[in-house]
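In order, the protein sequence lines correspond to chains Y and P. Take the first sequence: its position 110, counting from 1, is numbered 110 in our numbering, and each next residue is one higher. Take the second sequence: its position 112, counting from 1, is numbered 112 in our numbering, and each next residue is one higher.
Hints may be right or wrong, so weigh each one.
[Unchecked claim] No more than 27 Å apart at the CA atoms, straight line, and that leaves these computed lysine-lysine pairs for BS3-like: (1) Lys141/Y - Lys161/P; (2) Lys185/P - Lys141/Y; (3) Lys72/P - Lys77/Y; (4) Lys141/Y - Lys27/P; (5) Lys29/Y - Lys72/P.
Hints are computed from structural coordinates only; laboratory data are not their basis. Fair warning: this is a prediction, and the values are worked out from it, not measured in the lab.
So you can see what is in the structure, the chains are spelled out below.
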Amino acid sequence: MNKEYIHIILADDDEDDRLFFTDAFKELKISTKVNTFNDGVELMNYLNDPEAVLPNVLFLDLNMPKKNGIECLHEIKSNERFNDIAIAIYSTSSSEEDIEETFVSGANIYIKKPSDFTSLKKILSDVVSINWQYHTSGLNKDNFLLRL
Amino acid sequence: MKAFLKFDFNVVTKKLLEEKLDGFGVKYNIVGFGEIEFLEEVKPEKMEEITALLNSYGIEIIENQKSILVQKIKDLITEIVFQENNLNVKSSVYLAEKLNHSYGYLSNLFSEVTYTSIENYIILQKIELAKHLIVNEKLSLTEIAYKLNYSSVAHLSTQFKNTTGITPSAFQRIIEQRRKIANEK
Numbered sequence: 001m002n003k004e005y006i007h008i009i010l011a012d013d014d015e016d017d018r019l020f021f022t023d024a025f026k027e028l029k030i031s032t033k034v035n036t037f038n039d040g041v042e043l044m045n046y047l048n049d050p051e052a053v054l055p056n057v058l059f060l061d062l063n064m065p066k067k068n069g070i071e072c073l074h075e076i077k078s079n080e081r082f083n084d085i086a087i088a089i090y091s092t093s094s095s096e097e098d099i100e101e102t103f104v105s106g107a108n109i110y111i112k113k114p115s116d117f118t119s120l121k122k123i124l125s126d127v128v129s130i131n132w133q134y135h136t137s138g139l140n141k142d143n144f145l146l147r148l
Numbered sequence: 001m002k003a004f005l006k007f008d009f010n011v012v013t014k015k016l017l018e019e020k021l022d023g024f025g026v027k028y029n030i031v032g033f034g035e036i037e038f039l040e041e042v043k044p045e046k047m048e049e050i051t052a053l054l055n056s057y058g059i060e061i062i063e064n065q066k067s068i069l070v071q072k073i074k075d076l077i078t079e080i081v082f083q084e085n086n087l088n089v090k091s092s093v094y095l096a097e098k099l100n101h102s103y104g105y106l107s108n109l110f111s112e113v114t115y116t117s118i119e120n121y122i123i124l125q126k127i128e129l130a131k132h133l134i135v136n137e138k139l140s141l142t143e144i145a146y147k148l149n150y151s152s153v154a155h156l157s158t159q160f161k162n163t164t165g166i167t168p169s170a171f172q173r174i175i176e177q178r179r180k181i182a183n184e185k
């Protein structure tokens, strides 16, 4: 029953960022399975399919065409089927107000996009490792807030 | 209308196990938190049924020896964190004595299986308890620092911020706002 890998979904319109992320995940100790989507509409189409395998962690870029990260966050939070997904927002903004607002809207993790690969790897490793503890140690997910 | 609940996981788990296992008509003995001894031979088919039913409640039967030991470490850590009085002994010494292994062995095994260190796991558990006390018991940081054996409020606040990236007061504000929104719906 214990899934030995973490299923991750990433929605980001920037191709370089997507590559950056998937490469960083490949180098982590925890095995992960990563799916990527190019925008919010593609992402929501996937998630809304009742047959879809839901991710453990979903990384949402805030600025995406067609449907942005906040819109996706609201849609996901209004559907009980997605209750178990930990949501990580990442953005270039570090305004305190933006950050608190995304947490209030139901995000679990807020990541300020790092500029170099080493910091990204460190951040993703922290996210995945802490999420793993929530996943395997029965911690209360309602209190799962993490800012990196 | 909404009601906020507080759980005693020990009681919940024990009652649930008793109800479900009684339903299977097997003789058993709940040895401690997270350990059951079957007092008779359980047929593999029946064991499968029991496993499947328990899984549906988020309870898993651990088969591998390493995972069992890691679970024992986690249970002891929960015990250490949740008890009111200071242990007066370092947690590393306590774990090593209770589990009859060197701390070095336990610590390597723990990191290998859980992807985090025992030290970080203890901090994570303490901060989780602090969160619970902030949100559900409405305790002040001074009271929480005292309860969780922090030397000062500043030490608790710093560790909270280092672990979660946000301050205890921001955490409280966010959870309160979330509840307000949920209540308005």
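Hints, verified against the model:
no. : hint                : result
1   : Lys141/Y - Lys161/P : holds, 18 Å
2   : Lys185/P - Lys141/Y : holds, 21 Å
3   : Lys72/P - Lys77/Y   : violated, 35 Å
4   : Lys141/Y - Lys27/P  : violated, 35 Å
5   : Lys29/Y - Lys72/P   : holds, 23 Å
Hint check: violations occur at hints 3 and 4; the rest are consistent with the structure.
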